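Engineer: One-letter residues, chain by chain:
2 protein chains.
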Amino acid sequence: MVRLTGGDPSLLRRINSAVVLHALRGSGPLTLTELTRSTGLSRPTVEGVVEGLMESGLVVEAAAGSADARKQGRPARRFRFHAESGHLLGVEIGVHQVRVLLADLGGRMLGSYCYPVDELLDVDTRLERVRAGVAESLRRAEVARSTLWAVGVGSPGIVEANGRVGLSTAMPGWTGLALGERLGRSFKCPVLVENDANAAALGEHWLGAARGNDDVVFVMAGLSPGAGSLIGGRLHRGFGGAAGEIGALHLLGREATPERLLSTTDRPLDPLDEVAVTRVFSLAREGDARATEAVRRFLRRLVHDVAALALALDPELVVLGGWATGLDDVVEPLRDALARYCLRPPRVALSALGEEAVATGALRLALDHVEEQLFAVDRTAAAVLR
Amino acid sequence: MVRLTGGDPSLLRRINSAVVLHALRGSGPLTLTELTRSTGLSRPTVEGVVEGLMESGLVVEAAAGSADARKQGRPARRFRFHAESGHLLGVEIGVHQVRVLLADLGGRMLGSYCYPVDELLDVDTRLERVRAGVAESLRRAEVARSTLWAVGVGSPGIVEANGRVGLSTAMPGWTGLALGERLGRSFKCPVLVENDANAAALGEHWLGAARGNDDVVFVMAGLSPGAGSLIGGRLHRGFGGAAGEIGALHLLGREATPERLLSTTDRPLDPLDEVAVTRVFSLAREGDARATEAVRRFLRRLVHDVAALALALDPELVVLGGWATGLDDVVEPLRDALARYCLRPPRVALSALGEEAVATGALRLALDHVEEQLFAVDRTAAAVLR
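From first to last, the protein sequence lines are chains A and B.
For the first sequence, UniProt numbering begins at 1 and goes up steadily by one.
For the second sequence, UniProt numbering begins at 1 and goes up steadily by one.
Worth flagging that the hints you see were computed from the coordinates, not collected in a lab.
Hints are supplied without guarantee of correctness; some may be wrong.
[What the hints assert, rightly or not] For the chain B half of the interface with chain A, some residues (derived, Cβ under 7 Å), not all of them:
#1 Ala276
#2 Ala312
#3 Asp314
#4 Asp328
#5 Val331
#6 Pro333
[Claimed, not checked] Per label pair, the in silico range of CB-to-CB distance:
#7 A:Asp328 x B:Asp214: 54 to 62 Å
#8 A:Glu61 x B:Pro44: 23 to 31 Å
#9 A:Asp122 x B:Thr278: 50 to 58 Å
#10 B:Glu332 x A:Val123: 34 to 42 Å
#11 A:Glu61 x B:Ser27: 54 to 62 Å
#12 B:Glu136 x A:Arg340: 57 to 65 Å
#13 B:Arg234 x A:Glu47: 57 to 65 Å
#14 A:Arg43 x B:Ser146: 55 to 63 Å
#15 B:Ser27 x A:Arg347: 26 to 34 Å
#16 B:Ser282 x A:Arg300: 31 to 39 Å
#17 B:Arg300 x A:Arg211: 51 to 59 Å
#18 A:Pro172 x B:Pro333: 39 to 47 Å
All figures in this text were calculated on a predicted structure; none of them were measured in a lab.
Glycine is no exception: its CB is placed at the ideal position from the N, C-alpha and C atoms.
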């Protein structure tokens, strides 16, 4: 076995802590003997590390063992990862909803709360609704704000690395907003902001339709469609954070905006009016000729946009989401078109998380951040050798 | 300093060899003292490693030092990486040409040879031309086949990880061809096969228009356009090796094939007839109305395809190549369109390597393979800790 010797002792302690936490998290409660075995660390090292982790609240002694164990007199103490010692938030700040998901440090979901908002809210009012929604959610779940370790946020637009919204046409005043910084004032923990379609891709990969698929395009269908991509299980943000912003593609075909394509009159739909969209879809289902033609036009355009993404990226799977209704009508035409035009057609699936996809991905961002801190053994160890 | 102790001694030797080679390659000739200083290894270790590397031919003693050094009596021996001890090939197997680039282990170019071939050659004849071209190139450069360490190959089509062409419409019989295996029979060293646009992206990144840009889309313009992408400096092949195969995108717009768009008659052009394409472009330059209209139609389509790629991937830079002529007419319209439709428009540049782009990238593949073997210190060391 290769060992690290010498070097920064606090770094070694950190690596050993991560190794022990990792072992505890991947299994049920363990005794010190079992931890010594599973980590390869010495007994005194394990004892020291566990003591430190208990002091910081990340490890607790598990409840007394089974009747079997109790029968044998004094059973060995067992320890477990104390996931409930901290909490995470996943927040979607959308055009029509603020959604808040709450979980513990292990990623176990503790609550999901939705607060409808008006599409025309200005920035300050919308952020006020977000703060109120978060406060209300914490109250309802009886979770103290001080136990939050990280907050993930998903929102429309190009999001820069520093949490600033570079460009967003979806909500008034969103372009140029220092969203991460503004929200950060309400939290003592890190706030991580991500484009909504990117977040949804992470969410579906974690708990939804893309579990087990590492090369995924999530299509946020809508009047201004966007997409988020995972390549090899990692988010592909693009050089400037604009990857997958295919909404502009239809502009290349003059007049072919979705608002026009999906309109049953001479006037285009309001780009944010999802109710009108739903109405067109249900009219089409009832056999209305103009609506059927409008839906047909719109689907052809959406299929084209998604095909462009699939040809560019060659994903294993395309997940369709973003809308609550009407998407089932998209799946078959999309499958047909991709089968016909892609050299290697991807699978197509509907979102499994529906309206929770973005918030779920935002939560995953927060969880990734915390896991990076707690369990990042490989990277830390690898860094030692640089 | 953290040290690796224990472990597999041959692994340690390999790491130390890589460290010494890396140091020698990154500088001029070094003395043992200088090597000891720059690697952090002990003097006896450096001596042992250098001796082993000289036996294998990878290191040689440098020619006697400067007059200065000679004046001081017996100068210290200096050692250098013996790049000339081995050779690499980069081969493009294209529709109209077989191109062979020859370099030494340091990537220094020793020769570039082009052998025109007919677009309709069957597989066996085409491969025969490749073999003859390689033999002729080695002869002209006076390089022995036995000194080849790796051969990179770029060719049209979806190339699978095992070097098989999964699908290619560009050349007769290419689909399903076990290209890597067939070529491998002529070489004792590894043969690495890659899609031509992917190879060109690597080539432009290494020595061409994309130097210093790690997020790049190389567009292989043509009647059946394709693209190769680098993300974070690494090739993005896609889940099934089909990423960037945007040639099918035009099929979504009925009848809008490039062969039709670029035709000045009622009949489409032959998809492989680049001479006809060149003629249309030069007619347009002379002011011919039908040709001008045809070029305009074609450019609009190409711009659309590239915009789709740019929106999907958000690269820093788009490099246009693949054709010797006519591409200058594409740059400005493409820049305009991307500026108008992309949320964050990429830069657009013409290929700097022209007809050598694919072969240069193929050579880079071979060089990457060899460098992986010789200098991959970080990965080897990191693997120790897994």
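Engineer: None of the hints should be skipped; say for each whether it holds.
Structural biologist: Comparing the hints with the structure gives:
Hint status for alanine 276 of chain B relative to chain A: violated, with the closest Cβ pair at about 25 Å, above 7 Å. Restraint check, alanine 312 of chain B versus chain A: the minimum CB separation of about 4 Å is within 7 Å; hint holds. Checking aspartate 314 of chain B against chain A: minimum C-beta separation of about 2 Å stays under 7 Å; hint holds. The restraint placing aspartate 328 of chain B at the interface with chain A is violated, with a minimum CB-CB distance near 22 Å, outside the 7 Å limit.
Among the interface hints, the one on valine 331 of chain B is violated; its C-beta lies about 17 Å from the nearest C-beta in chain A, farther than the 7 Å criterion. At its closest, the beta carbon of proline 333 of chain B sits 12 Å from a beta carbon of chain A; the interface hint therefore is violated under the 7 Å criterion. A beta carbon spacing of about 40 Å between aspartate 328 of chain A and aspartate 214 of chain B contradicts the range 54 to 62 Å that was offered as a hint. One distance hint, 23 to 31 Å for the beta-carbon pair glutamate 61 of chain A and proline 44 of chain B, is violated here, with the actual separation near 52 Å.
Range check, aspartate 122 of chain A to threonine 278 of chain B: about 57 Å between beta-carbon atoms, so the 50 to 58 Å window is met. Here the CB-CB span from glutamate 332 of chain B to valine 123 of chain A is close to 38 Å, well matched to the stated 34 to 42 Å. Between glutamate 61 of chain A and serine 27 of chain B the beta carbons are some 57 Å apart, a value that agrees with the proposed interval 54 to 62 Å. For glutamate 136 of chain B and arginine 340 of chain A, the Cβ-Cβ distance of about 43 Å falls outside the hinted range of 57 to 65 Å, so the restraint is violated.
Range check, arginine 234 of chain B to glutamate 47 of chain A: Cβ separation about 43 Å, and the 57 to 65 Å hint is violated. At about 57 Å, the beta-carbon gap between arginine 43 of chain A and serine 146 of chain B stays in the expected band of 55 to 63 Å. Distance hint check: the CB atoms of serine 27 of chain B and arginine 347 of chain A are about 51 Å apart, inconsistent with the given range 26 to 34 Å. Evaluation of the 31 to 39 Å hint for serine 282 of chain B and arginine 300 of chain A yields a pass: the beta carbon distance comes to about 37 Å.
Look at arginine 300 of chain B against arginine 211 of chain A: about 41 Å separates their beta carbons, and that is not inside 51 to 59 Å. Proline 172 of chain A and proline 333 of chain B have their C-beta atoms about 34 Å apart, which leaves the hinted 39 to 47 Å range violated.
Violated hints for the displayed structure, listed by number in ascending order: 1, 4, 5, 6, 7, 8, 12, 13, 15, 17 and 18.
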